[in-house]
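Trainee: Sequence:
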Amino acid sequence: MASCLSTLDVFLQQLSPVVSSMVVKDRHKEDLKTKEIGMIDAVANILGIEDVSKVGDCVSLVDLGMDSLMAAEIRQTLQSKFDWALSVEKIRALSFGQLSEHEKICKRPGEVGDQPVEGV
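If you use UniProt numbering, the sequence shown corresponds to residues 1 to 120, in order.
What the hints contain is simulated information worked out from the structure, not anything from laboratory work. Be aware that a few hints might be false.
[Said to hold, decoys possible] The calculated EDC-like cross-link candidates involving lysine to aspartate or glutamate, where the alpha carbons are at most 20 Å apart (straight line), are:
{"hint": "1", "residue 1": "90", "residue 2": "73"}
{"hint": "2", "residue 1": "54", "residue 2": "103"}
{"hint": "3", "residue 1": "54", "residue 2": "83"}
{"hint": "4", "residue 1": "104", "residue 2": "41"}
{"hint": "5", "residue 1": "107", "residue 2": "41"}
{"hint": "6", "residue 1": "81", "residue 2": "63"}
{"hint": "7", "residue 1": "107", "residue 2": "83"}
{"hint": "8", "residue 1": "107", "residue 2": "73"}
{"hint": "9", "residue 1": "90", "residue 2": "67"}
{"hint": "10", "residue 1": "90", "residue 2": "41"}
{"hint": "11", "residue 1": "107", "residue 2": "89"}
{"hint": "12", "residue 1": "104", "residue 2": "63"}
{"hint": "13", "residue 1": "90", "residue 2": "101"}
{"hint": "14", "residue 1": "90", "residue 2": "57"}
{"hint": "15", "residue 1": "81", "residue 2": "41"}
{"hint": "16", "residue 1": "54", "residue 2": "101"}
{"hint": "17", "residue 1": "90", "residue 2": "51"}
{"hint": "18", "residue 1": "104", "residue 2": "83"}
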């Protein structure tokens, strides 16, 4: 720990700025394994739901026990794996019925995948 702090101290005392960089994952090279998992299964997995058929289509994710950390993970998953960006408020109001409807829209050939779903 002391060596980390001393190294950090060296960087912080430099006159030039300290910067960082990162490599962004190429979305086009996603492995097939993540493409096989559907939107509904991905969200159900985050919520810990084993059988989605037992969940009502109109029940919001909040009513199913979604907390703020789950909401952040669902938001990140929908955006990164399915190219669907939603605000936290919209995710709180989201239901499996709306996820199913959006998934059907995305699978229709010739249509834009990020069309809004009614009620979201």
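Trainee: Under the constraints set out in the numbered hints, which ones does this structure not fulfil?
Mentor: 3, 6, 8, 11, 12, 17
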